[in-house]
Structure formats: C-alpha cells, structure tokens
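Participant: Just so you know, the sequences run in chain order B and Y.
Counted the way the numbering used here counts, the first sequence spans residues 1 to 370.
Counted the way the numbering used here counts, the second sequence spans residues 1 to 347.
Bear in mind the hints are in silico, worked out from the structure with no lab data behind them.
The reader is advised that the hints may include incorrect statements.
As the list claims (entries may be wrong) - Derived SDA-like pairs: lysine to any residue, alpha-carbon spacing no greater than 20 Å straight-line: (1) B:K251 with B:S265; (2) Y:K188 with Y:D174; (3) Y:K130 with B:S265; (4) B:K26 with B:E9; (5) B:K11 with B:R27; (6) B:K22 with B:H336; (7) Y:K130 with B:L54; (8) B:K66 with B:I42; (9) Y:K243 with Y:I260; (10) B:K333 with Y:Y164; (11) B:K333 with B:P164; (12) B:K333 with B:I42; (13) B:K333 with Y:I260; (14) Y:K130 with B:R27; (15) B:K333 with Y:W167; (16) Y:K130 with B:I124; (17) B:K251 with B:G263; (18) Y:K87 with B:G304; (19) B:K251 with B:V83; (20) B:K84 with B:V67; (21) B:K84 with B:I124; (22) B:K333 with Y:D174; (23) Y:K130 with B:P32; (24) Y:K130 with B:P80; (25) Y:K130 with B:V83; (26) B:K333 with Y:L168; (27) Y:K87 with B:F163; (28) B:K66 with B:G263; (29) Y:K212 with Y:I260; (30) B:K66 with B:I86.
Listed below are the residues making up each chain.
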Amino acid sequence: MDLGTKWKEIKVAWEPRIKEWKFMIKRMRESPLAILGLAIIIGFVIIACMAPILAPPTGPDPFILKVDTEFSVLTPQPTPPTVKHIFGTTGEQYDIYYACIWGTINAFRVGLLVVVIALIIGLILGVVAAYYGGIIDEILMRFTDIIIALPGLVLSMALVIAFPTIIPLDVTTIILVISAILSITFAAFKPERKFLLPTQIVLFASLLLYIYNPIVIGLNLSRLDKVLISLAIVGWPGYARLIRGEVLRVKNEDYIEAAKAAGSSDFRIIMKHILPNTIYPLLIVVTLDIGSIVLTAAALGFLGIGAEPNFADWGNIISRSRDWISSPDLLVKHYHTFLIPGIFITLFVLGWNLLGDALRDVLDPMIRRR
Amino acid sequence: MTSLPAYIARRLILLIFVLFGVTVLIFAITALVPVDVRAMLYVRNVQHTNPQQLMRIAEQYGLTRPLYEQYFTWIGQVLQGNLGFSKSAQQPVIQAILERWPYTFEIVLFAAPLIIFIGIYLGVQAAIHKDGIIDHATRVLSIIGWSLPSFWLGLILLSVFYGYLRWLPPGPLDPDLMNFRNTSPSFKRYTYIDLFDGLLNGRPDITLSVIKHLILPVIVIVTINVALLIRVMRSSMLEALGKPYTFAAKAKGLDDKTVIYRHARRNALIPVITLSGMLVAGMLGGLVITETVFAFGGLGQWAARAALNFDIPAVLGYAMLSAFIFVIANLIVDILYAYIDPRIRLV
C-alpha cells in the first residue's frame with residue numbers, strides 16, 4: 001500500500017472525530033465560564049512550569065520548605081508580608097510565597113495521580129462487573145455501596161492514620177496473582193492467545209519463586225503517599241459505578257452485536273467499541289473530581305494529617321491557623337497565613353469545576369446540539 | 001408490583017448486609033495498623049514499654065491470632081457497645097459519642113432544613129427563569145460554593161465576625177454560661193441539647209447564646225452543601241417542565257403558578273429526596289472541618305483531634321457512626337420514596 005492511500009484511510013477514519021472536536025471547541029468558546037475555567041487552569045500550569053524561576057529551589061528537594069533562620073530566632077510568630085517574603089511567613093518561618101508556588105505542582109500531582117489511579121481501578125472493575133454480570137457484578141457493586149456509605153473525608157482520615165509507614169510488599173505473590181489472572185483472561189479471549197505463553201512462563205517462574213524463595217520488599221510510604229493511596233481508595237467506587245452504568249447502556253446496542261457476530265473477542269469489543277463510547281461522561285466526572293480531590297487533600301492538610309509539616313502543600317500552610325481560632329487579635333494579625341494559600345486552593349478548584357461544568361453542557365448528548 | 005411491606009423487608013435485609021460490610025471494612029482498616037502499634041493502645045504508659053512487652057501484650061489480647069477470629073471477637077464487643085478507648089478524649093469511644101452528639105445535632109438541626117429549602121427554592125427559580133439572570137447567578141454562585149474549602153471560608157468568616165467585629169465568637173456557648181450550665185445545681189439537663197435545655201429551664205439567654213454561636217458554622221455548612229441540591233433541583237425541574245403532563249395542565253387553562261408549583265415541582269422533588277441521603281454523608285464529612293474551625297466541641301471536632309493524635313479507635317468509631325447514620329438515612333429515604341412514588345416498587 002502506498003503512502004497516499006494510507007493517508008486517505010487515516011483521514012477517513014479521523015474525519016468524524018476531528019469534526020466532533022471542532023464542534024466541541026466551538027461550543028466551549030461560546031461559554032464565558034468555560035473560558036474562565038480554562039484560563040485559571042492554564043494560569044496554574046504556567047505557575048507550575050515556571051516554579052523554579054518564580055521561586056528558586058532552596059534545597060535538593062524543592063518541595064521541602066526551608067526555615068528562614070534570620071527570623072526564627074527573633075520571632076516565633078508569623079511575619080506579615082515584607083519585601084523579602086511577599087506573602088509573609090508562617091509561624092515556623094516558612095516562606096508562604098515559596099510554599100504556594102511549589103504547592104501548585106503538588107496540587108496537580110495529587111489531583112492527577114489520584115484520578116488516574118482511581119480511574120484505572122474503577123475502569124477495570126466497572127467493565128468486569130457490567131460485561132460479565134451475575135455474581136461478580138453483585139459482589140463488586142455491594143462493595144462499592146459499603147465504601148460510598150462512609151463520607152470521603154472520614155474514610156480517608158481513617159486510612160491515613162491507619163497505614164503503616166513501611167508496607168511489607170510481597171512481590172512474588174503479586175506477580176503470581178497478576179500472571180494467574182492474565183493467563184486465565186488470555187485463555188478466555190481466543191484471538192489473544194499469542195500472549196498466553198509468556199504469561200504462563202511468568203506464572204510458572206513466580207510459582208517456583210513463591211515456593212522456594214519469596215521476595216518481600218519493605219515499601220516506605222511518606223505521609224503524602226498515604227494521602228494519595230487513601231484518596232484513590234475513596235475515589236474508585238464512583239468511577240466503577242459510572243463505568244458499569246455506561247457499559248450496560250451500550251452493551252446491548254446493535255453495533256456490539258455486529259462486532260460479536262464478526263467474531264471480535266471480548267477484549268477487542270471492550271477496548272474498541274465499549275470504552276470509547278463511555279469516555280465523555282467520564283471526562284466530565286474526572287474534571288469535576290480533580291477539584292474535589294484537591295479540596296479533600298487540603299482538608300487533610302488543614303487537620304494536620306496531610307503531607308509532612310515541612311512539605312510545600314497549600315493545606316499544610318493553613319493548618320497552623322488552627323492555633324489562632326481562640327484569639328480574635330491573632331486571627332486578624334495573622335490573616336495572611338490562611339488568606340493567601342486559601343485563594344490558591346479556591347481558584348484551583350474553581351478552575352476545574354468551571355471547566356467540568358462547561359464540559360457537561362458541551363459533551364452531554366442529552367442536552368447538547370440544541 | 002411488590003407490596004410496600006415486602007419492599008421494606010427486602011430493603012432491611014440489604015441493610016443488614018451493608019452494615020455487615022461496613023464493619024468488615026472498618027475492621028480491615030484496623031488490621032492495616034501494625035501489631036505493635038495496636039498493642040500500644042492497651043498500654044497506659046507508652047514510654048516505659050519495650051518491644052518484648054508489647055509483643056506479650058499483643059499475644060495476650062489476641063492480636064496475633066488469625067484475622068477472622070479477631071473479627072468475631074471484635075464484632076462481639078461492638079455489639080455490646082464497646083468501641084474501644086479514645087486516648088485523645090480520655091474516655092471510652094461510646095461515652096465520648098454520647099457526650100458530644102448534642103453539639104453536632106444542633107448544627108444539623110439548623111443546617112439541614114436550610115439546605116433543603118434554599119436548594120429547592122433556588123433550583124426551581126433557576127429552572128423557571130432558564131438562561132435568565134437568576135439562572136446564571138445561581139449557577140455561578142453554586143460553582144463557587146462548591147469550590148470553597150470549608151476551613152478557609154470558616155477562618156475568613158471567623159476573622160471578620162470574631163476577630164474584626166467581635167460579634168460571633170467560636171465555641172458552642174459563651175464561657176460564663178457554659179460554666180453556669182455545668183456547675184449550677186438548679187440547671188437541669190433534660191435533653192443535653194443546650195438549645196432546648198435553656199428554654200426548659202427558663203433561661204432563654206442560653207438558647208440565644210447557642211443560636212449566636214451556631215450562625216457561622218451553619219452558614220459554612222449550608223454554603224458548601226447547598227450547591228449540589230440547587231443543581232439537581234434545577235435539572236429535575238427542567239425535565240418536569242418538559243413533560244407531557246405539564247403541557248396538559250397548561251392546555252387545561254391552569255395559570256402558570258399552579259402548573260409550576262402543583263404539577264411540575266411535585267414531580268421534580270422525587271430525585272431530590274434521594275439526594276438527601278447523600279447530603280447526610282456530605283454533612284458528616286464537612287462537620288469534621290467546620291467544627292474544628294469553630295471549636296464547636298461536637299463529634300466532628302473530636303474526630304479531627306483524634307486523627308491528629310493517632311487515636312485510631314476514636315476515628316474508626318466516628319467512621320462507623322457516620323456510615324450507620326448514612327445507611328439508615330438512605331433506608332428511610334428509600335422507604336419514603338417507595339411510599340410517595342409507587343413506580344419505584346416495580347423494580
């Protein structure tokens with residue numbers, strides 16, 4: 001096949017998608033709120049990218065805040081904004097400006113990582129529940145019921161304090177279980193047999209290892225890792241339910257029947273036909289979730305159980321303000337320690353929420369094209 | 001169609017399963033904690049214990065036995081009302097809960113109806129005036145309310161109304177009145193809810209003081225939680241306004257008011273009822289932060305302080321309590337729902 005026909009093929013395949021994107025962008029541009037949301041997020045992306053220039057790192061790990069020794073000796077109290085510290089310092093003499101700038105990267109990291117982890121778990125379990133149905137579906141959905149019964153913040157609080165600092169990770173067992181699942185899956189999906197042999201070799205090798213020499217490594221969890229894991233555990237049931245519902249919706253459509261009749265494997269049907277059709281509702285929820293995840297992480301930081309106290313995190317900076325609650329004078333005097341990081345949190349979350357809200361109008365097939 | 005009692009029976013059986021699952025989940029979280037840390041919970045003086053002693057204690061309390069055995073021992077204790085000892089409160093968890101729930105109840109008592117009324121009112125107004133000023137304003141305001149960190153909103157309100165204006169102090173009650181309530185022999189605590197006890201004892205100043213202290217926390221809780229209700233009410237109302245029965249009502253010659261309030265709104269309220277179960281969960285989470293900011297002394301503040309001090313039994317006790325409240329609230333909502341709308345029982 002020469003390049004010309006190949007190019008034509010690609011063009012034909014992509015034309016409807018490009019048209020769809022063009023339509024989306026056109027709708028987005030008509031909504032001032034969407035533009036505002038996008039502008040806020042782009043602003044934060046710029047801050048995150050420029051962080052090393054805006055606030056030059058003070059140590060090998062830029063996220064670790066450094067104490068300004070010049071002040072800490074003289075004043076144990078927060079210092080109000082000055083030329084040197086334009087947003088002032090906290091009670092421990094951490095520069096708030098520095099913490100806010102590097103906290104932006106941290107917020108992106110927390111929001112995106114948690115969403116990706118929760119989405120992967122939710123995607124796998126949601127598709128499995130919907131596509132296979134029956135008892136698997138029932139068990140998985142009742143399990144999500146249980147997690148959803150606990151308020152997200154309370155469950156993540158409990159998980160954060162319960163996680164041990166060093167988790168003994170049994171590598172052999174994990175490889176064994178994963179390769180066993182993969183071998184069964186590949187054995188079930190007929191055309192994917194070519195992967196069967198390698199997975200079975202891995203399965204056999206890990207079985208031997210499991211019997212003769214299990215490898216256990218101690219996984220060291222920082223406090224931030226605990227927050228990330230807890231938020232992902234809290235977040236996945238929502239995705240699993242959403243994806244399950246979407247898969248059930250498209251499962252009985254004619255084009256799935258057609259794909260089955262054409263001899264496609266389950267794996268191919270899920271990847272090529274079902275998932276692309278569930279992507280739009282997911283995109284809306286994910287966008288809205290990034291905001292709420294960052295909010296919950298900040299709330300954990302405020303309660304004093306988030307990342308390490310010297311870590312550049314917006315919630316952490318506000319956390320010290322709990323000490324001023326009982327004193328009206330200190331509340332007014334040290335307003336900068338909570339006002340400025342709070343503006344960062346609010347704007348960040350607002351940006352994602354505005355974008356998600358606009359996406360819902362643009363992408364929801366029920367209400368668009370009117 | 002299933003009858004209502006059969007439906008309730010089925011829901012009750014499901015409830016038992018979910019509650020069982022919740023206890024398993026809570027126990028699984030306990031099991032995450034390393035054995036020596038769990039053994040420390042039984043020790044009064046942690047500094048003077050060496051690892052060998054801790055292991056002995058762990059064995060003595062059965063922490064080294066298989067997990068399912070530990071679960072049954074634990075669930076037996078829970079069913080007898082023993083949720084463990086809260087180190088941060090220096091009292092058993094169950095007693096800490098009994099002592100603190102009235103404060104939390106006071107906030108919920110004011111916040112919940114406000115959320116529901118404001119949410120329904122603004123949602124209906126936004127739907128009637130779709131794409132009008134009210135619609136856009138509620139939309140923007142609810143997105144902002146949704147994005148505000150509750151601790152930040154609380155701190156700002158507190159610094160303005162307490163720090164700057166000195167009007168609305170934190171805490172559940174003025175300190176001198178609190179002192180009077182605790183020490184005066186003539187003050188009888190009938191309900192343990194200061195709001196009512198003040199009136200029952202002929203001391204309206206106590207009730208007024210409680211209300212004064214409630215204003216800011218209630219504002220925060222309402223602002224954070226009302227957004228969701230407004231949005232759901234709006235879309236549900238828009239859907240109802242597009243339904244054939246609304247056109248039929250209009251075609252009959254009914255005036256707009258009757259059509260909107262008696263025909264459309266009634267039907268639009270149904271999904272909102274379901275949402276109120278979720279609202280409970282949102283409030284119980286939000287109370288942890290709000291009570292901490294306003295030093296309100298209720299269950300939420302206790303849970304927050306417990307988390308900070310690694311008081312695991314207390315946090316898990318609060319988690320279990322909120323899950324129970326959530327599950328039972330959902331059960332009540334579902335039964336109400338089936339009662340109001342017989343179509344639901346078909347499923």
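Participant: To test your reading of the hints: which numbers does this structure violate?
Facilitator: The structure breaks hints 3, 4, 5, 6, 7, 8, 11, 12, 13, 16, 19, 21, 22, 24, 25, 28, 29; every other hint is satisfied.
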